[in-house]
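Enquirer: Here is how the chains run, residue by residue.
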Amino acid sequence: MEVFFSKYYYWLSYTSSFSVLVPLLASLILLKQFGRPGKVFWGVFLYIVFLAIVETLGFLSVYLWSGSNLWISYLYVPIEYALLSWIYYMSFEQKQIKSGIIISVIVFLLACIAEAFWGAGTHNMNSYSRVMESTILIALALLYLFVLYKDLNYVYLEQDPMFVLSCGVMIFFAGTAMAYGMFNKALAISDNMARVCMTITYVLNISFNCVLVLVQRRAVTA
Amino acid sequence: MNVLQPLLIITPILLLLVLGVIVFVLLYQKRLLQHKEQVQRLQTTKQYQLLEATMQAQEEERRRVARDLHDEVGSMLSLVRLNLHQLVAGIDGANEEVRHAEQTIKKLLDEVIGSVRRISHDLMPVVLDKMGLAQALEALRRSVPATAKVAVTYECNDKSRRLEPKLELILYRMVQELLNNTLKHAHATLVHVKLLFTDDEVTLHFEDDGVGFDYAAHLQAASQGVGVVSLRSRVNLLNGKLNIQSEAGVGTRVEITVPTKQHNQQTLYQL
Chain A
1 MEVFFSKYYY WLSYTSSFSV LVPLLASLIL LKQFGRPGKV FWGVFLYIVF
51 LAIVETLGFL SVYLWSGSNL WISYLYVPIE YALLSWIYYM SFEQKQIKSG
101 IIISVIVFLL ACIAEAFWGA GTHNMNSYSR VMESTILIAL ALLYLFVLYK
151 DLNYVYLEQD PMFVLSCGVM IFFAGTAMAY GMFNKALAIS DNMARVCMTI
201 TYVLNISFNC VLVLVQRRAV TA
Chain B
1 MNVLQPLLII TPILLLLVLG VIVFVLLYQK RLLQHKEQVQ RLQTTKQYQL
51 LEATMQAQEE ERRRVARDLH DEVGSMLSLV RLNLHQLVAG IDGANEEVRH
101 AEQTIKKLLD EVIGSVRRIS HDLMPVVLDK MGLAQALEAL RRSVPATAKV
151 AVTYECNDKS RRLEPKLELI LYRMVQELLN NTLKHAHATL VHVKLLFTDD
201 EVTLHFEDDG VGFDYAAHLQ AASQGVGVVS LRSRVNLLNG KLNIQSEAGV
251 GTRVEITVPT KQHNQQTLYQ L
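Taken in order, these protein sequences are the chains called A and B. Under this note's numbering, the residue at position 218 of the first sequence is numbered 218, and the numbers go up by one with no gaps. Under this note's numbering, the residue at position 246 of the second sequence is numbered 246, and the numbers go up by one with no gaps.
Incorrect hints may appear among the rest.
Stated by the list, open to error - Taking lysine-lysine pairs in the DSSO-like style, the calculated list, with each CA pair at most 30 angstroms apart, reads: (1) A:Lys95 / B:Lys36; (2) B:Lys194 / B:Lys166; (3) B:Lys107 / B:Lys166; (4) A:Lys150 / B:Lys46; (5) B:Lys30 / A:Lys39.
Claimed, not checked - So these bits of chain B aren't anywhere near chain A, every CB distance computed over 12 angstroms: (6) Leu14; (7) Ala89; (8) Lys159; (9) Glu247.
As the list claims (entries may be wrong) - Facing chain A, according to a computed beta carbon distance under 7 angstroms, are these residues of chain B, among others: (10) Asn2; (11) Leu4; (12) Ile10; (13) Val18.
Hints were generated in silico from the structure; no laboratory data involved. Keep in mind that this is a model prediction, so the values were computed, not measured. Just so you know, even glycine gets a beta-carbon here, dropped at the ideal spot from N, CA and C.
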């Protein structure tokens, strides 16, 4: 385990951080090739740009300013949730679901603010917000699958960009929920314990960024 | 590491659950689609069977009426003509007026007999049975009366070629329908019919220089004309393709392509 942490952990960390460039470059190439993509493409593209900005901000924070970038998580989580739920908002047609999404964004924003001010503080991971975000996004993805599977007009589900995105969201957030949930507890014991949590998130993050490429490929022709 | 035990146990379980949900949705949706397709297939088959039965009944009725007209009405009219001749011949010293009346009645009877024969042949063309579609279309071309003031031209790349009798009959009926429509509505002066045989397909071109019609509007209309619907149904029954091009004022072009070998025998009605 020690060998992994000393030799490979940082490579994995950098790979995870830079992996956002893959969907970003893919989106730009697809945009150049296909011209006028739909709303889903632009929604996911905005999300990818946001991920790239957060990764850059993370590096700058570590090397230039505080040495810790955990505070970014308090900004990242609510904005990430708002962006992803906006993509789902555009995909649903039912007014009740749309209203529910708007309410969930407001409630979640309040919960994030509450955790930032009265929770573990900005030097720790916002575990509750992360777990809450994972839960709501998985619920949204499942809701999308439920609505989709009732609609028999979709002959090839795997060709639907929102279906691919929902699969990616479910895998990524279900896989990282426990890791983020236990991060503070693990960090209190040792750095390596926390690194185990982060290793899981890094692997899933790389996978999720690859899924985003597939989403954009389907979204551009949808 | 004990602290991380829940993480290492629950995370794989969650991932497995998520993968399970995705696979379930994919498989279930595929199954639903298969079911929907099967129901659609059954409905289509039922519709075809109904159409086949209707067409079969129609053809049988035509055949019966044609036979009755030809064998009974036609024979009786010929007998009436003969009796008239004998009646007049038996009158001694029949005057010029009687002779003239006899000639007029005979002329009328000849016209009626001719009409009965023509109607009978239209209903069940003997040439089609004996000589095939190519020759039957030639006979159909010739049967267009001069009073219609329409010049019908016909060409075929293989006049000796025969197809399955049922296929020939359906194609013949379609040409009859098109020709009737042209004579009734198109105000055309020229009609061109072309029959092209290839190894696997037969293509029928029908073209007139009549007033035409707005085909796009016709398709969008809630109640499409019976003629187009009937044509389309017959072409579908033969697994063929129908292409109609028409605009107001520029005539009508119809192209029908059907495979010469009908693999699915269910799609052809039995005569």
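Enquirer: Once the shortest beta carbon distance from Val18 (chain B) to chain A is found, is it less than 7 angstroms?
Expert: Holds: closest Cβ of chain A sits about 4 angstroms from Val18 (chain B), inside 7 angstroms.
Enquirer: With chain A as the partner, please determine if Ile10 (chain B) meets the hint condition of a C-beta pair closer than 7 angstroms.
Expert: Holds, about 5 angstroms.
Enquirer: Can the hint on Leu4 (chain B) be confirmed by a CB-to-CB distance to chain A that is less than 7 angstroms?
Expert: Interface hint status for Leu4 (chain B): holds (6 angstroms vs cutoff 7 angstroms).
Enquirer: Straight-line Cα separation of Lys95 (chain A) and Lys36 (chain B) no greater than 30 angstroms?
Expert: Holds. Lys95 (chain A) to Lys36 (chain B) sits at ~28 angstroms (cutoff 30 angstroms).
Enquirer: With d taken as the least Cβ-Cβ distance between Glu247 (chain B) and chain A, does d exceed 12 angstroms?
Expert: holds, 33 angstroms
Enquirer: The hint names Asn2 (chain B) as touching chain A; please verify it with the least Cβ-Cβ distance against 7 angstroms.
Expert: violated, 10 angstroms
Enquirer: Beyond 12 angstroms on every Cβ pair: is that true for Leu14 (chain B) relative to chain A?
Expert: violated, 4 angstroms
Enquirer: Hint check: Lys107 (chain B) vs Lys166 (chain B), CA-CA at most 30 angstroms. Holds or violated?
Expert: violated, 38 angstroms
Enquirer: So if I understand the rule, the pair passes when the alpha-carbon distance is 30 angstroms or less; does Lys30 (chain B) with Lys39 (chain A) pass?
Expert: Roughly 27 angstroms between the alpha carbons, so the hint for Lys30 (chain B) and Lys39 (chain A) holds.
Enquirer: A cut-off of 12 angstroms on Cβ-Cβ distance, and Lys159 (chain B) was said to be off the interface with chain A. Does that hold?
Expert: Label holds. Min Cβ-Cβ 47 angstroms, cutoff 12 angstroms.
Enquirer: Quickly compare the C-alpha distance for Lys194 (chain B) and Lys166 (chain B) to 30 angstroms and report which way the hint goes.
Expert: holds, 20 angstroms
Enquirer: Taken at face value, is the distance from the CA of Lys46 (chain B) to the CA of Lys150 (chain A) at most 30 angstroms?
Expert: holds, 27 angstroms
The structure fails hints 3, 6, 10 (numbered hints given earlier, in ascending order).
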